[in-house]
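A.B. asks: If you're matching them up, the sequences are chains A and B in order.
Counting in this note's numbering, the first sequence runs without a single skipped number right up to 137 at its last residue.
Counting in this note's numbering, the second sequence runs without a single skipped number right up to 116 at its last residue.
Errors might be hidden in some of the hints.
[As the list claims (entries may be wrong)] Heads up, simulated DSSO-like pairs for lysine-lysine below, C-alpha to C-alpha not over 27 Å straight-line:
#1 A:95 x A:43
#2 A:68 x B:8
#3 A:60 x A:46
#4 B:8 x A:65
#5 A:60 x B:8
#6 A:91 x A:33
#7 B:8 x B:57
#8 A:46 x A:64
#9 A:91 x A:68
#10 A:64 x B:8
#11 A:43 x A:68
#12 A:43 x A:60
#13 A:33 x A:46
#14 B:8 x A:46
#15 A:65 x A:33
#16 A:95 x A:46
#17 A:76 x A:91
#18 B:57 x A:95
[Stated by the list, open to error] Examples of chain A residues lying across from chain B (beta carbon under 8 Å, computed):
#19 66
#20 85
#21 88
#22 125
#23 126
[Unchecked claim] Far from chain B by the CB rule (all over 10 Å, computed), these chain A residues:
#24 35
#25 37
#26 38
#27 50
#28 72
#29 76
#30 87
#31 91
#32 92
#33 95
#34 116
#35 130
Rather than coming from a laboratory, the hints here were simulated on the basis of the structure.
Note that the Cβ used here is the ideal one computed from N, Cα and C, for glycine as well.
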Amino acid sequence: DTAVSQTPKYLVTQMGNDKSIKCEQNLGHDTMYWYKQDSKKFLKIMFSYNNKELIINETVPNRFSPKSPDKAHLNLHINSLELGDSAVYFCASSPSQGAAEAFFGQGTRLTVV
Amino acid sequence: DAKTTQPPSMDCAEGRAANLPCNHSTISGNEYVYWYRQIHSQGPQYIIHGLKNNETNEMASLIITEDRKSSTLILPHATLRDTAVYYCIVRASGSARQLTFGSGTQLTVLP
Chain A
25 DTAVSQTPKY
35 LVTQMGNDKS
45 IKCEQNLGHD
55 TMYWYKQDSK
65 KFLKIMFSYN
75 NKELIINETV
85 PNRFSPKSPD
95 KAHLNLHINS
105 LELGDSAVYF
115 CASSPSQGAA
125 EAFFGQGTRL
135 TVV
Chain B
6 DAKTTQPPSM
16 DCAEGRAANL
26 PCNHSTISGN
36 EYVYWYRQIH
46 SQGPQYIIHG
56 LKNNETNEMA
66 SLIITEDRKS
76 STLILPHATL
86 RDTAVYYCIV
96 RASGSARQLT
106 FGSGTQLTVL
116 P
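Just chain B, same shape as in the assembly (with noise of 0.2 Å):
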């Protein structure tokens, strides 16, 4: 599976769109981004995932580059309850392989 980055940490005010980046260069043709995240304490939740056209959902919106090197979670109207660790995976869709998991990105919304 092709190795993700994200910034370690990021602050966001509430009531403002959380643009959480990520970059996965090495990106195969059959491998989709997905994402999760982690309140403090809780099990990893699924949010989003996509393989090269923009996907939304009622959680948030995955912005993917054309090249695919690159994509961007969004979530449109933050609240102090998306403070979070927030994981950018890649993995070929059907592959038996589990979900890997990096450091992610602290997201703090802020008051």
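Pulled out of the complex, with its shape left as it was, chain A reads as follows (with noise of 0.2 Å):
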């Protein structure tokens, strides 16, 4: 079973378009996690939660608004998205806020035309 799953592994879409990504994790984890990876491969933290509660958001438009509807799922809604919102995306969790250890999913490939 996979442990943090993402959907849809790929996503192509018009600009202005409104899209979601879902993320599940099947290890009981407190804490979930949503990372932005762009064209040049830098991986940077989007927002945290830890049991359904925001811990961080890393000044990231509020076009982007993540859902977490209980302590397993971790969401991403984009709205009126931009050419530069192209990216992979990671859905990770971890046991605590604080754990060593945090478990990627296989990413998202969004691409915006």
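Assemble the dimeric complex from its two separately framed chains, guided by the hints.
C.D. replies: Here is the structure:
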């Protein structure tokens, strides 16, 4: 069973559209994250949730809205998509906020055309 | 969190040990050294972490200098599947702060 799963794996959409990426973890972890990896391969934290509560929001445009319906899920909704949103988005989870090991999903490659 | 410096790329022959260096000269006393790797088209994967003692697990060994200003990740018998970008990260244990990934080292294991 996949520990952290994201859907879809690939997403191609037009500018201005609204899209969502789903993430689920079956590890029983309390903390979940969204990271963005741009074309230069830099991985940057976007959001961190602990027990469904937002902990970190790293100056991400408010077009990005994470939603955590329960501890096992952290979905990412993006409004009014822009070309610069094209990237690979990774979901991750860890047992707690300060845990050493984070488990990452396989990523969602978003292409905005 | 302290900043880390890694060489952008390294090569290693298959079956040989791969030694990946990391400088973290401004590391604080409560900051751990973490290593992750990212194989092409996959999510990052945790490898190992340590504070000041050397650590070993089934994947790798971590050697931290006595002054803690640098460390080396050792893959004892590199295989082609170890080709990946390796990230050295410094963060205080128990910190709510997220992992901050730098540019890492692209390790290429050659047949």
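A.B. asks: For each hint, tell me whether it holds in the structure or not.
C.D. replies: For each hint, the structure was consulted:
Among the hinted pairs, residue 95 of chain A with residue 43 of chain A is consistent with the structure: their alpha-carbon atoms are about 22 Å apart, no more than 27 Å. In summary, the hint linking residue 68 of chain A to residue 8 of chain B is supported, as the alpha carbons are separated by about 15 Å, within the 27 Å threshold. For the given pair, residue 60 of chain A sits about 14 Å from residue 46 of chain A by alpha-carbon distance, which is consistent with the 27 Å threshold. This hinted pair checks out: residue 8 of chain B and residue 65 of chain A have alpha carbons roughly 18 Å apart, not beyond 27 Å.
For the hint linking residue 60 of chain A to residue 8 of chain B, the alpha-carbon distance of about 20 Å falls within 27 Å, and the restraint holds. For the suggested pair residue 91 of chain A and residue 33 of chain A, the alpha carbons sit about 19 Å apart, so the restraint of at most 27 Å is met. A C-alpha spacing of about 17 Å is found between residue 8 of chain B and residue 57 of chain B, which places the hinted pair at or below 27 Å, so the restraint holds. In summary, the hint linking residue 46 of chain A to residue 64 of chain A is supported, as the alpha carbons are separated by about 24 Å, within the 27 Å threshold.
Our distance criterion of 27 Å between C-alpha atoms is met by residue 91 of chain A and residue 68 of chain A, whose separation comes to about 19 Å. A distance of roughly 19 Å separates the Cα atoms of residue 64 of chain A and residue 8 of chain B; the hinted pair therefore holds under the 27 Å criterion. Restraint check for residue 43 of chain A and residue 68 of chain A: satisfied, since their Cα atoms lie roughly 20 Å apart, inside the 27 Å limit. Restraint check for residue 43 of chain A and residue 60 of chain A: the C-alpha separation of about 15 Å stays at or below 27 Å, so the hint holds.
Restraint check: the Cα-Cα separation between residue 33 of chain A and residue 46 of chain A comes to about 10 Å, which is no more than 27 Å; the hinted pair holds. Distance restraint check for residue 8 of chain B and residue 46 of chain A: the Cα-Cα separation of roughly 32 Å exceeds the 27 Å cut-off, and the hinted pair is therefore not satisfied. A threshold of 27 Å between alpha carbons decides the hint, and for residue 65 of chain A with residue 33 of chain A the separation of about 17 Å falls inside it, so the pair holds. A C-alpha spacing of about 13 Å is found between residue 95 of chain A and residue 46 of chain A, which places the hinted pair at or below 27 Å, so the restraint holds.
Note on residue 76 of chain A and residue 91 of chain A: the hinted pairing holds, with a Cα-Cα distance of about 8 Å set against a maximum of 27 Å. Pair hint residue 57 of chain B plus residue 95 of chain A does not hold up; C-alpha atoms about 34 Å apart against a cutoff of 27 Å. A hinted interface residue such as residue 66 of chain A counts as satisfied when its beta carbon comes closer than 8 Å to some beta carbon of chain B; here the least separation is about 7 Å, so the hint holds. Taking 8 Å as the C-beta contact cut-off toward chain B, the hint placing residue 85 of chain A at the interface is violated, the least distance being around 18 Å.
With a least beta-carbon distance of about 16 Å to chain B, the hint placing residue 88 of chain A at the interface is violated under the 8 Å criterion. Given the 8 Å rule on beta carbons, the hint for residue 125 of chain A holds: about 4 Å separates it from the nearest Cβ of chain B. Hint on residue 126 of chain A holds. Least Cβ distance to chain B is approximately 6 Å, under the 8 Å limit. Non-interface status of residue 35 of chain A relative to chain B is upheld: no Cβ of that chain comes within 10 Å, the nearest being about 15 Å off.
Distance check on residue 37 of chain A: its Cβ is at least 20 Å (rounded) from any Cβ of chain B, clearing the 10 Å threshold; non-interface status holds. With a closest Cβ-Cβ approach of about 24 Å to chain B, residue 38 of chain A is found to remain outside the 10 Å limit, as its non-interface label requires. No beta-carbon of chain B is positioned within 10 Å of the beta-carbon of residue 50 of chain A; the least distance is around 15 Å. For residue 72 of chain A, the shortest C-beta to C-beta distance to chain B comes to about 6 Å, within the 10 Å cut-off, and the non-interface label is violated.
For residue 76 of chain A, the shortest C-beta to C-beta distance to chain B comes to about 15 Å, beyond the 10 Å cut-off, and the non-interface label holds. The beta carbon of residue 87 of chain A is kept farther than 10 Å from every beta carbon of chain B, the shortest such distance being approximately 21 Å. The beta carbon of residue 91 of chain A is kept farther than 10 Å from every beta carbon of chain B, the shortest such distance being approximately 19 Å. At the 10 Å boundary, the C-beta of residue 92 of chain A stays outside the reach of chain B, the nearest C-beta of that chain being 16 Å off.
The Cβ of residue 95 of chain A sits about 17 Å from the closest Cβ of chain B, beyond the 10 Å cut-off, so the non-interface label holds. With a minimum CB-CB distance of about 7 Å to chain B, residue 116 of chain A fails to clear the 10 Å threshold, and the non-interface call is violated. With 10 Å as the threshold on Cβ separation, the claim that residue 130 of chain A sits away from chain B is violated: the shortest Cβ distance comes to roughly 6 Å.
Checked against the numbered hints above, the structure breaks hints 14, 18, 20, 21, 28, 34, 35 and satisfies the rest.
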